[in-house]
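Asks: Listed below, chain by chain, are the residues.
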Amino acid sequence: MTTPSVDFRALLERLRDDGIDFIVVGGVSAVLHGAPIVTFDLDIVPSRSPPNLDRLHSALLELEAIFRDPAARKLTPTRSDLAGMGHLLLRTSLGPLDVLCSVAEGRTHESLLPKSTIMDLGGGLSARVVDLDELIALKRAAGREKDRAALPLLERTLEETRKRREG
Amino acid sequence: MSDHAPLLTAVEGDSGAYAEDGTDLTLIHWMLDMTPGERLDVLTSGARSLLSLRRDDALR
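Residue numbers (the working numbering), protein chains in the order written: chain E, 13 to 179; chain Z, 260 to 319.
Keep in mind the hints are simulated off the structure, nothing from the lab.
Just so you know, even glycine gets a beta-carbon here, dropped at the ideal spot from N, CA and C.
One or more hints might be untrue.
Selected chain E positions facing chain Z (in silico; Cβ < 7 Å) [claimed, not checked]:
1. 20
2. 21
3. 48
4. 110
5. 113
6. 130
7. 131
8. 163
9. 164
10. 169
Which chain E residues face chain Z? A few, computed with CB under 7 Å, are given here [as the list claims (entries may be wrong)]:
11. 50
12. 170
13. 172
Restricting the straight-line Cα-Cα distance to at most 20 Å, the calculated cross-link-like pairs of lysine to aspartate or glutamate (DMTMM-like) are [what the hints assert, rightly or not]:
14. E:158 <-> Z:292
15. E:127 <-> E:171
16. E:175 <-> Z:283
17. E:158 <-> E:122
18. E:175 <-> Z:279
19. E:175 <-> E:146
20. E:175 <-> Z:292
21. E:158 <-> Z:280
22. E:175 <-> E:145
23. E:127 <-> E:117
24. E:86 <-> E:117
25. E:127 <-> E:29
26. E:127 <-> E:167
27. E:175 <-> E:159
28. E:175 <-> Z:280
29. E:127 <-> E:146
30. E:158 <-> E:110
31. E:175 <-> E:157
With the hints as constraints, model all of the structure from the sequences given.
Replies: Written out as structure tokens, the structure reads:
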């Protein structure tokens, strides 16, 4: 039995190298802002421009992406899947990747752009990451139990970050 | 036991270790002391470690 691969840095580098426009949301974005949690998947909201979705689709094929299908079927994401507004929960050669075509209350890449920041992740890697206060708003808007459960930790992380900034 | 008692007393008291809702602020401070890149690498390392432990447990 082999341990499944998880390499968030390599996955982000791969998406960057393929010229894909996306915003990191979800657990990885929370960690990048300083929330002490563990997650196993990278959640991204891609730009919905057709050339970007073409690039993303090609990258997914090269990453051997398949849906994390409860029935264990090996279903490959199609280009038309990416054009929808749903969530593509995928397994790739570099770890689980969730492609969220839209998030809570229909927010898309374009609407999240002003509420995101490019973060320097070291080693020549940078990525656009949703702001922590917006991530909290997304979790509130989603309203699911698992999102509500994450709120206290995210809110305390935001508070502590602001205290540090205010010095 | 005696080595641990002062530490336990400190975190259980009004030390600022926990927020009112029980959130462990020491872990948040630990993370905030890192750069975003270091946080990413700690996350990857932690996720891999947990998956490895799960695999080892499944092999028993």
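Asks: Please go over all the hints and tell whether each is borne out by the structure.
Replies: Results for each hint:
Satisfaction of the interface hint for residue 20 of chain E is found here, the shortest Cβ-Cβ separation to chain Z being roughly 5 Å, below the 7 Å cut-off. For residue 21 of chain E, the interface hint holds, the least distance from its beta-carbon to any beta-carbon of chain Z being 6 Å, beneath 7 Å. Of the supplied interface hints, the one on residue 48 of chain E holds, with its beta-carbon coming within about 4 Å of a beta-carbon of chain Z, less than 7 Å. A least Cβ separation of about 14 Å between residue 110 of chain E and chain Z goes past the 7 Å threshold, and the interface hint is therefore violated.
With a least beta-carbon distance of about 24 Å to chain Z, the hint placing residue 113 of chain E at the interface is violated under the 7 Å criterion. For residue 130 of chain E, the interface hint is violated, since its Cβ never comes within 7 Å of a Cβ in chain Z; the closest pair sits about 11 Å apart. For residue 131 of chain E, the interface hint holds, since its Cβ comes within 7 Å of a Cβ in chain Z; the closest pair sits about 5 Å apart. Proximity of residue 163 of chain E to chain Z is violated relative to the hint, the smallest CB-CB distance being about 10 Å (cut-off 7 Å).
Look at residue 164 of chain E: its Cβ gets to within about 5 Å of chain Z, closer than 7 Å, so that hint holds up. Taken as an interface hint, residue 169 of chain E checks out: its beta carbon lies about 5 Å from the nearest beta carbon of chain Z, inside 7 Å. About 5 Å separates the beta-carbon of residue 50 of chain E from the nearest beta-carbon of chain Z, less than 7 Å, and the hint is met. Checking residue 170 of chain E against chain Z: minimum C-beta separation of about 10 Å lies over 7 Å; hint violated.
The beta carbon of residue 172 of chain E comes within 5 Å of a beta carbon in chain Z, closer than 7 Å, and the hint placing it at the interface holds. For the suggested pair residue 158 of chain E and residue 292 of chain Z, the alpha carbons sit about 27 Å apart, so the restraint of at most 20 Å is broken. For a cut-off of 20 Å, the pair hint linking residue 127 of chain E to residue 171 of chain E stands: about 18 Å separates their Cα positions. Distance hint between residue 175 of chain E and residue 283 of chain Z is fulfilled; the C-alpha atoms sit about 16 Å from each other, no more than 20 Å.
Of the supplied pair hints, the one linking residue 158 of chain E and residue 122 of chain E is violated, its CA atoms being roughly 26 Å apart against a limit of 20 Å. A distance of roughly 16 Å separates the Cα atoms of residue 175 of chain E and residue 279 of chain Z; the hinted pair therefore holds under the 20 Å criterion. Restraint check: the Cα-Cα separation between residue 175 of chain E and residue 146 of chain E comes to about 18 Å, which is no more than 20 Å; the hinted pair holds. A distance of roughly 13 Å separates the Cα atoms of residue 175 of chain E and residue 292 of chain Z; the hinted pair therefore holds under the 20 Å criterion.
Between residue 158 of chain E and residue 280 of chain Z the alpha-carbon distance is near 17 Å, which keeps this suggested pair within the 20 Å criterion. Proposed proximity of residue 175 of chain E and residue 145 of chain E is supported: the alpha carbons are some 14 Å apart, at most 20 Å. A hinted pair counts as satisfied when its Cα atoms are at most 20 Å apart, and residue 127 of chain E with residue 117 of chain E qualifies at roughly 15 Å. Between residue 86 of chain E and residue 117 of chain E the alpha-carbon distance is near 30 Å, which puts this suggested pair outside the 20 Å criterion.
Only pairs whose Cα atoms come within 20 Å are accepted, and residue 127 of chain E paired with residue 29 of chain E is rejected, the gap being roughly 24 Å. Taking the CA atoms of residue 127 of chain E and residue 167 of chain E, the gap is near 17 Å; set against the 20 Å cutoff, the hint holds. At most 20 Å may separate the alpha-carbon atoms for a hinted pair to count; residue 175 of chain E and residue 159 of chain E exceed this at roughly 24 Å. As the CA atoms of residue 175 of chain E and residue 280 of chain Z are separated by approximately 18 Å, the hinted pair is consistent with the 20 Å bound.
Only pairs whose Cα atoms come within 20 Å are accepted, and residue 127 of chain E paired with residue 146 of chain E is accepted, the gap being roughly 6 Å. For the suggested pair residue 158 of chain E and residue 110 of chain E, the alpha carbons sit about 16 Å apart, so the restraint of at most 20 Å is met. Distance hint between residue 175 of chain E and residue 157 of chain E is unfulfilled; the C-alpha atoms sit about 28 Å from each other, more than 20 Å.
Comparing the model with each numbered hint stated earlier shows that hints 4, 5, 6, 8, 12, 14, 17, 24, 25, 27, 31 do not hold.
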